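Chemist: Quick note, the sequences are listed as chains H and A, same order. Under our numbering, the first sequence has 93 at position 93, and the numbering climbs by one with no breaks. Under our numbering, the second sequence has 207 at position 207, and the numbering climbs by one with no breaks.
Treat each hint with caution, since some may be false.
Listed below are the simulated DSSO-like cross-link pairs for lysine-lysine, each with C-alpha atoms no more than 30 Å apart in a straight line [to be verified]:
#1 A:K97 to H:K143
#2 H:K81 to A:K97
#3 A:K182 to A:K36
Listed below are several chain A residues computed to face chain H (Cβ distance under 10 Å; list not exhaustive) [claimed, not checked]:
#4 F76
#5 V119
#6 L169
Covered by chain A, according to a simulated footprint, are these stretches of chain H (three or more residues, beta-carbon under 8 Å) [as the list claims (entries may be wrong)]:
#7 96-109
#8 122-130
Since the hints were derived computationally from the structure, they do not count as laboratory data. Remember, predicted model here, so these are calculated numbers, not experimental data. Heads up, the beta-carbon is just placed ideally off N, CA and C, and yes, glycines get one too.
The chain contents come next:
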Amino acid sequence: MVNFLKFDPGFLDKDESVVKFACALRGLSQILEVMLLIPFLITLLVCQLIGEITVMTFGLSLPGPVIGMAVLFLWLIVTGKSPDNFESLSNQLLAHLSLLFVPAGVGVMLHAELLEAELVPIILALVVSTLITLALTAWIMNKLGSEQAEP
Amino acid sequence: MTGELERIWVYLSASPLMALTLTLVAYQAGVWLHLKCRRNPLVNPVLLAVIMIVALLSFTGTSYATYFEGAQFVHFLLGPATVALAVPLYQQFDLVKRSATAILVAVICGSITAGISAVGISWALGATRETILSLAPKSATTPVAMGVSEQIGGLPSLTAVAVILTGILGAMAGHGITRLMKIHDERAIGIAIGVTAHGIGTARALQGSAVAGAFSGLAMGLNAIATAVLIPVIASMLG
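With these hints in hand, go ahead and build the complete structure from the sequences.
Modeler: Encoded structure:
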């Protein structure tokens, strides 16, 4: 290569070829990153599909995605490590998990009149029950968890 | 001129573009307000986005069905995202293994508490039987809660509303309650939020810490099972 450049220096502008090479490398790494997104999405969809099929086959009263979560979890344990980029990709997806609840949340408007009929008992029951459940569960987990963490 | 505008409006409201843009813009505005209020948990981005969208839909007279035709693409991602919760859970597997018994006990107690407190309070306040039963499974993730509600004689659509409101309430109160109780164990915070407030709480817990997020996702999954098993038993004891 060096000989070739010496032999005919005007044939290839060295600086320009280096820049081109760097650009090509960067493009390639971006393509690879995108390509890793596809196996990740396939994994999620296949796990969810297995979950949905399991639910339908056995008539379970659990949602397919929750079974799918268990399937992926078991698969990660069996293979012993999560594949490259799964962590960063799942972090990116889960960082905006809240957004995904917005369409279902807007669905509350459909049943507004159901709430109106017994607004006070329903809202009070939800608020107080939520606070009690949070407090009691955190207290139990804190108490038992700190005992179990000790060797 | 107005005819032209109307033509564009009719075209756009039939395509998913409007609903998708509206959902993302409203959510982004909610996040922006949340940050402006120094991450005050009471300024919840999901709640703000829902309020903004409901107001706009009511103002323009757009039906939820029309909105959902576009927004379903965001809604669909809930499934794969729930599956993806296995990744943070796997990362915290050692911590999960070490506190397995504590997790099981906490989730079962939490699930029973959620059911009994909702039933007890709404009964004491004079709610109808149908409403009481609809509120019982409200801490489980939506499809489980609606299924259980139907099974025990509740109103699944009212349960769906109760589930969403509980999720938002749990996301708003989770960190505050545990801070008041001086509980700083991220595992306890995660389990409490996941049991009480399913996916909406888990989304909030993930923003707090990876440990809390992983434990919350686990608690959500376990509480789905616990609710499906325990709430029908609690309901049958009501007679």
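Chemist: Each of the hints needs a verdict: does it hold here or not?
Modeler: How the hints compare with the structure:
Note on K97 of chain A and K143 of chain H: the hinted pairing holds, with a Cα-Cα distance of about 17 Å set against a maximum of 30 Å. Taken as a hint, the K81 of chain H and K97 of chain A pair is honoured in the structure, with Cα atoms around 16 Å apart against an allowance of 30 Å. Between K182 of chain A and K36 of chain A the CA atoms are separated by roughly 26 Å; this keeps the pair inside 30 Å, and the hint holds. Hint status for F76 of chain A relative to chain H: holds, with the closest Cβ pair at about 9 Å, below 10 Å.
Because the smallest distance between the Cβ of V119 of chain A and any Cβ of chain H comes to about 8 Å, under 10 Å, the interface hint for this residue holds. A cut of 10 Å between beta carbons decides the hint on L169 of chain A: the least distance to chain H is about 4 Å, and the hint holds. Remark: the segment 96-109 of chain H is confirmed as covered by chain A, as 13 of its residues place a Cβ nearer than 8 Å to a Cβ of that chain, reaching the required three. Look at the segment 122-130 of chain H against chain A: 9 of its residues bring a Cβ nearer than 8 Å to a Cβ of that chain, three or more, so the hint holds.
Violated hints for the displayed structure: none, as all numbered hints are satisfied.
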